[in-house]
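Enquirer: So you can see what is in the structure, the chains are spelled out below.
Number of protein chains: 2
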Amino acid sequence: MNKENRTGLTLVFTGNGKGKTTAALGTVFRAWGRGFRICVIQFLKTETGHWGEVMAAQKLDIEWYKTGDGWTWKTKDKVASMSKVLQGWELAKQKIASGDYDLIVLDEFTYPLAFDWLNVQEIIEWLLANKPSDLHLIITGRNAPPALIEYADLVTKMEEVKHPYNNGIKAQPGIDF
Amino acid sequence: MNKENRTGLTLVFTGNGKGKTTAALGTVFRAWGRGFRICVIQFLKTETGHWGEVMAAQKLDIEWYKTGDGWTWKTKDKVASMSKVLQGWELAKQKIASGDYDLIVLDEFTYPLAFDWLNVQEIIEWLLANKPSDLHLIITGRNAPPALIEYADLVTKMEEVKHPYNNGIKAQPGIDF
Chain X
566 MNKENRTGLT LVFTGNGKGK TTAALGTVFR AWGRGFRICV IQFLKTETGH
616 WGEVMAAQKL DIEWYKTGDG WTWKTKDKVA SMSKVLQGWE LAKQKIASGD
666 YDLIVLDEFT YPLAFDWLNV QEIIEWLLAN KPSDLHLIIT GRNAPPALIE
716 YADLVTKMEE VKHPYNNGIK AQPGIDF
Chain P
566 MNKENRTGLT LVFTGNGKGK TTAALGTVFR AWGRGFRICV IQFLKTETGH
616 WGEVMAAQKL DIEWYKTGDG WTWKTKDKVA SMSKVLQGWE LAKQKIASGD
666 YDLIVLDEFT YPLAFDWLNV QEIIEWLLAN KPSDLHLIIT GRNAPPALIE
716 YADLVTKMEE VKHPYNNGIK AQPGIDF
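For the protein sequence lines, the chains are X and P, in the order given. Counting from 566, one number per residue, gives the positions in the first sequence under this note's numbering. Counting from 566, one number per residue, gives the positions in the second sequence under this note's numbering.
Keep in mind that the hints are not guaranteed to be accurate.
Same chains, same label: a pair holds when it works inside one copy or across any pair of copies.
Stated by the list, open to error - Derived BS3-like pairs: lysine-lysine, alpha-carbon spacing no greater than 25 angstroms straight-line:
hint, residue 1, residue 2
1, Lys696, Lys735
2, Lys660, Lys696
3, Lys610, Lys658
4, Lys696, Lys727
5, Lys727, Lys624
6, Lys643, Lys727
7, Lys696, Lys643
Honestly, the hints are just simulated from the structure, not real lab data. Please read these numbers as outputs of a predicted model, since none were measured by experiment.
I would like the entire structure built from these sequences, with the hints used as guidance.
Expert: Here is the structure:
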């Protein structure tokens, strides 16, 4: 693949509207079309969920890790969730520093930063020192901390204008998961 | 595929930030993972562009139409562009009414509506009468007209917080196209 003139960008998709993970997946689709080497690491999502995107990644042989434990806002075992997050970040560091990828997605990664389970300044300092200059990195999730927005090259805030949940329509397979 | 309990949604991704087409592509990725029958119609984009998403769609045998003619804000031949849009909408109507798809994407379709090349009220009346109730429809582009927002089930506004173009960084293959 031609890596000439490539500037490895850090993209952040944040805000409360639908489209953050979905836009990351769209970039995966686009990058896969170009033969990029891709790795997706999902934080705070269930390890056993059977999502459309996981099914697609399996079919396309895209590297995909789920490091979550079905965490929700009402999770009872915060310590276990934090432990999974720390493991996920260790995995992310290894993948990022390896130089083996063109695109890495850290899905839902803003939450541990917003909760201060991981220190955002330390993360950014690590990225500044270790992220290959030609690696594209995407971070998704609500409440991206200001320091992350400052560090990123591209930030889009997905603002919810209207959502079918509010009209009692359930999440739809293939659309929402 | 299990279509039980499916509510065919209309999703609109609008706003000035990166992520509109990309979120549509992410939904395509997710839906493809579930074996959905998918059709993408791109309006106002060049017919000859060699984009990562088109490469992916070709590899995955996803139906994909480019009805644009390289239109830009500075286009000289408005009549030709309008003619292509009308042809694109005829194609879209045929695909939507066919009942042959689970997901149809009308990419950049807000522009002809915003320019009033197509009448948004007529489009909505046509959709109300002809869109199968289990078909998911995604419409992307800036400046979604209020009537379209009213009609849609889900609307996210992608707000630009930060964009690398503003720092002189060029569009990146696999990320931007």
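Enquirer: With reference to the structure, classify each hint as holding or not holding.
Expert: Results for each hint:
For a Cα distance limit of 25 angstroms, the shortest separation of Lys696 from Lys735 across copies, 20 angstroms, qualifies, whereas the shortest one inside one copy, 39 angstroms, does not. Within a single copy, Lys660 and Lys696 get their C-alpha atoms as close as 10 angstroms, which meets the 25 angstroms cut-off; across copies the closest is 45 angstroms, which misses it. Taking the closest pair of Cα atoms, Lys610 and Lys658 come within 25 angstroms of each other only inside a single copy of the chain (19 angstroms); across copies the shortest separation is 38 angstroms, beyond that limit. Taking identical chains as interchangeable, the C-alpha atoms of Lys696 and Lys727 lie at most 25 angstroms apart only when they sit on different chains, with a minimum of 20 angstroms there against 37 angstroms within one chain.
Within a single copy, Lys727 and Lys624 get their C-alpha atoms no closer than 33 angstroms, and across copies no closer than 34 angstroms, so neither meets the 25 angstroms cut-off. Taking the closest pair of Cα atoms, Lys643 and Lys727 never come within 25 angstroms of each other, the shortest separation being 31 angstroms inside a single copy and 33 angstroms across copies. For a Cα distance limit of 25 angstroms, the shortest separation of Lys696 from Lys643 qualifies neither inside one copy, at 29 angstroms, nor across copies, at 45 angstroms.
Hint compliance for this structure: hints 5, 6 and 7 are broken, all remaining hints hold.
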